[in-house]
Amino acid sequence: MAIPIIYNIRSVKARWTSTIVAVAGIAGTVGVFIAMLSLARGFRATLVSSGSADNALITRAGATSEMTSGVSIDSVKIIQDAPGIARGPEGPLLTQEAVLMAPIPLRSTGTDANVELRGVSPNVLAIRSNIQIKEGRMFRPGLSELIVGKNANTTYSGLTLGSTIGLGSVRWQVVGVFDAGGSAFDSEVWGDAHLLNGAYKRPDTLSQSVTVHLTSPAALQQLKDSLTSDPRLNVDVTREIDYYAKQSTRMTTLITTLGGFVAAIMAIGAVFGALNTMYSAVAERGREIATMRALGFGAAAVVLSFSIEALLISFIGGGIGCLAVLPLNGLTTSTMNFQTFSNLAFAFKITPELLVKGIVFALVMGLIGGLLPAVRAARLPVATALREL
Amino acid sequence: MKFRGLIFANLFRKKLRLILTIGSFAVALVLFTFLAVVKSAFSRGTEIAGEDRLVVVSRIGLMQLMPISHRDKILAIPGVKAVTHNHWFGGVYQDEKNFFPQFVIDPENQRQVMTELVVPDDQWNNFVKDRMGAIAGARTAARFHWKIGDRIPIKTTLYGGGSSEFNLDGIYHSERPGGDESQFWLQWKYFDENAPAPVKSTAGWYVVKLNSPDDAVRVAKAIDEKFANSAFETKSETESAFAAYFAKQFGNIELLILTIGGVVFFTLLLVTGNTMAISVRERVGELAVLKAIGFSGRAVLFFVLAESIIIAFVGGVLGLTLAYLLIPVIGIALTGLLPPLILSKTLLTLGLGFALLVGVVSGLLPGIGAMRMRVVNALRRV
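Note that the protein sequences, when read in sequence, are chains Z and U.
Under my numbering, think of the first position of the first sequence as 1, with each following residue one higher.
Under my numbering, think of the first position of the second sequence as 1, with each following residue one higher.
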């Protein structure tokens, strides 16, 4: 027969001081665990959401990022006639892009950070359809105007609507702010590719990458086959979403490894805390347990009861840990991406799945911390324990 | 010591609790050392930078190239001892995960400027003669088990795309502890011959060696003034300022890890301190008996303190030993992502100091209570 659960709830309440210690340990561990994972996820999500499944990025063969790539104007002419590329009213949906880096001071510290400066074709919004102009308007082709991502707009000084900024040899006016749905583009500054190349004295015959809109996500293979088998071209074709997923790997690995290690150490600490609490609970309740055994509850029932109590404590701890980190959700922070050297703003992303993982983690810690004391409780010799004062 | 028996008997009264308390201390210490080591790795660049070196980059942005003709003009500025130029190569060895920085270097001036990165003369001479030669840092060589004479295939967009094989002619070591031993050096001459037109005869950045560190500000200004209003303006700063610029951009991540870790560390210590305090409080009756049979208040304080300090000390030493064993393991997992994790003696001392401090504080509070208590009251309590 099982011992009623109400017994455990009451005894947790009766010993609330030592319970708090165990709960705090578990809550802290779960909090760190979720915070670290949500950081890594947020970073990855920001980059992954930059890519779209029906866009393809064309770079020089072997290039690891747009920074090391280059596609000549002759190649672009061949690419734009390839099969699988969607066509708009003004011809193929293709943007030739130049990617540069400009030091612009951060609002928070006043020190320079590397902002990714992207020269695009004027029809870029038709290709990256998830991007909308939030304030102001699109830049006019041929004019030294810029549009800035919403994070760039708020992170750096001098990128507000209407202000002018010197980049390269040209002064630019900020005419619009765009919303890229929390993707990496939100940290970028866009302008006319030809003018940006000119301002940075780069040959206008070479763009860094070409992004095309596919007729359908499935058309990628067709485009890939056609471009990679063309002897005049030396290019790689990647689905945009895959390209950006790859750009996040190193930072994500760093955060998960560091965070995982910290959480693992803390888990050991929390298990020690739970063990301490549960052992003292067992020690203090020698007579109680013996009485229950004398009343006819079996050893298994006692083990079960104490395990439930430990699980209860860890569940409360896990719940508190989850609640404590919940305000982090959506909080924006920024760091330098290793793979592009540019500064990238991203948000913590706490998903229900992560919260469930956190609770499970807490329960596992509770079980480890509760099982040994529970077994000890069940093994107490009834007669001696009853005689104890 | 006369009371050793008593102190140890008290320590081992509840063996399990003793083990768990020592264990918690050890865990807190492992966490502390780990976080401190990570923090120092994030800001390593600034610590190891040469004081007498400047880094010259293009004013308009990090990835912008400058003409090679800047070199001689910089060299002509008084106070400049030597100038070398570099390019970022950005190739891939086997897989993108195997990242290490690849620099195209100028063999003529490299050793005059980067004096602390040492290559044996015979290896260096082989490298200078070999157009496809390469020199790897000791850390990178060890990571991939390279030895001199190996051919290292690097995928690159240059040299006609595909993969190029370089001959590993030498391995460099850093004379300065904690120096960067992860770079991979390639020949400038071969790079320049094969580079596409816009990259030909350019440099990604210059490193300038000064006659004296005191000249840094003046020379940096002189360089920037020399190229002001030219097509290729420059930005010169000391190597440490340049490294700090990178370190600062990681800022938030580093801060997050440290705040989270810091909070947790102190909570762990508080919890542990609390457990120790509780174990003293449980024994108030016994301590009162000690006083009743004639021990002074100070002696009682001493018993309590000795116990908590021993726990803190053992826990601290255990934690630091664990950290000492664990950190190299985690360092391997982070190769290519962070500079090497280095556990310094100062850090170990600091960690032990922290542990002892918590030991003293958590023993002092109940200890003073025990010293001051009135025997009659304590004995009356059951």
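Watch out, some of these pointers could steer you wrong.
As the list claims (entries may be wrong) - As a list, the in silico DSSO-like pairs of lysine-lysine whose alpha-carbon atoms are at most 30 Å apart: (1) U/Lys73 - U/Lys97; (2) U/Lys200 - Z/Lys13; (3) U/Lys73 - U/Lys221; (4) Z/Lys134 - Z/Lys224; (5) U/Lys226 - Z/Lys246; (6) U/Lys97 - U/Lys147; (7) Z/Lys77 - U/Lys200; (8) Z/Lys224 - U/Lys345; (9) Z/Lys201 - U/Lys14; (10) Z/Lys246 - U/Lys209; (11) Z/Lys357 - U/Lys155; (12) U/Lys226 - U/Lys129; (13) Z/Lys201 - U/Lys39; (14) U/Lys2 - U/Lys81; (15) Z/Lys246 - U/Lys81; (16) U/Lys155 - U/Lys73; (17) Z/Lys201 - U/Lys73; (18) Z/Lys201 - Z/Lys150; (19) Z/Lys150 - Z/Lys13; (20) U/Lys97 - Z/Lys224; (21) Z/Lys150 - U/Lys155; (22) U/Lys200 - U/Lys221; (23) Z/Lys201 - U/Lys129; (24) Z/Lys201 - U/Lys15; (25) U/Lys189 - Z/Lys201; (26) U/Lys226 - U/Lys39; (27) U/Lys129 - U/Lys155; (28) Z/Lys13 - U/Lys14; (29) Z/Lys150 - Z/Lys134.
Because the hints were derived from the structure by calculation, they are not lab data.
So which of the earlier hints does this model not fit? Violated: hints 1, 2, 4, 5, 8, 9, 10, 11, 12, 13, 14, 15, 16, 19, 21, 23, 24, 26.
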